[in-house]
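**Q** Given chain A's structure and the hints, the job is docking chain B onto it.
Read off the chains here:
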Amino acid sequence: TAGITQAPTSQILAAGRSMTLRCTQDMRHNAMYWYRQDLGLGLRLIHYSNTAGTTGKGEVPDGYSVSRANTDDFPLTLASAVPSQTSVYFCASSDWTASTDTQYFGPGTRLTVL
Amino acid sequence: AQKVTQAQTEISVVEKEDVTLDCVYETRDTTYYLFWYKQPPSGELVFLIRRNSFDEQNEISGRYSWNFQKSTSSFNFTITASQVVDSAVYFCALSEGPGGYQKVTFGIGTKLQVIP
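If you read the protein sequences in the order shown, they are chains A and B. Going by my numbering, the letters in the first sequence line up with residues 1 to 114, in that order. Going by my numbering, the letters in the second sequence line up with residues 1 to 116, in that order.
The set of hints was computed from the structure by calculation and includes no laboratory data. A hint or two may mislead.
As the list claims (entries may be wrong) - Straight-line Cα separation of at most 30 Å, DSS-like style, residue types lysine-lysine; simulated pairs:
(1) Lys57/A with Lys3/B
(2) Lys57/A with Lys16/B
(3) Lys111/B with Lys3/B
Next comes chain A alone, as it looks inside the complex (with noise of 0.2 Å):
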């Protein structure tokens, strides 16, 4: 089974430009979330979605956007990045349905913007 996957893996942007950060998931999960990871600062929080059709904030959600068209795929885009937008980017989808609700990740994007 696939689980998450994300694309692309890194990705260097020039400031100013826009730029999509795809996931998706093969496990039907109601639920995802986008997180940001930066030395120092630990993992944050961006956006997520209980469901399909719905989206909320995150701790850090300015400059960034998401939609959930479907359950399987929850893109992240940077209208017009900049330097600080640079981090690891890390997908995560779970079942709030189930018991356990475990959290499931994919691996991650690299974003450089310049």
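**A** Chain B in isolation, oriented as in the chain A frame:
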């Protein structure tokens, strides 16, 4: 505001030693969730455990055990008979309210090195 403190930045132990990773949290909510995650040197993130605030029962999973004490606002993680494969950064996290992962705050992590 919620807060998670992992005071141990780095820990080194010799293989087969037991090691405890500390996690202290702050929250004003009576309903909250606590988590531990593992990030090996390869970089992937692995979910280890999720515990809600109404369940103070300690948890054991193989060599891993977790001690949740509301009286001291702590959710410590112990690895028994450590192995080299346990070398990783471990994150403790807290999420306030009944929503699970939606309002999560992570600690900065504890880097564990297990020396053969």
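**Q** Give a verdict on every hint.
**A** Do the hints match the structure? See the list:
Distance check on the hinted pair: lysine 57/A and lysine 3/B sit about 18 Å apart at the alpha-carbon level, within 30 Å; holds. Straight-line distance between C-alpha atoms of lysine 57/A and lysine 16/B comes to about 43 Å, which puts the hinted pair past the 30 Å bound. Under the criterion of a C-alpha separation no larger than 30 Å, the hint pairing lysine 111/B with lysine 3/B is consistent with the structure, at around 19 Å.
Checked against the numbered hints given earlier, this structure breaks only hint 2.
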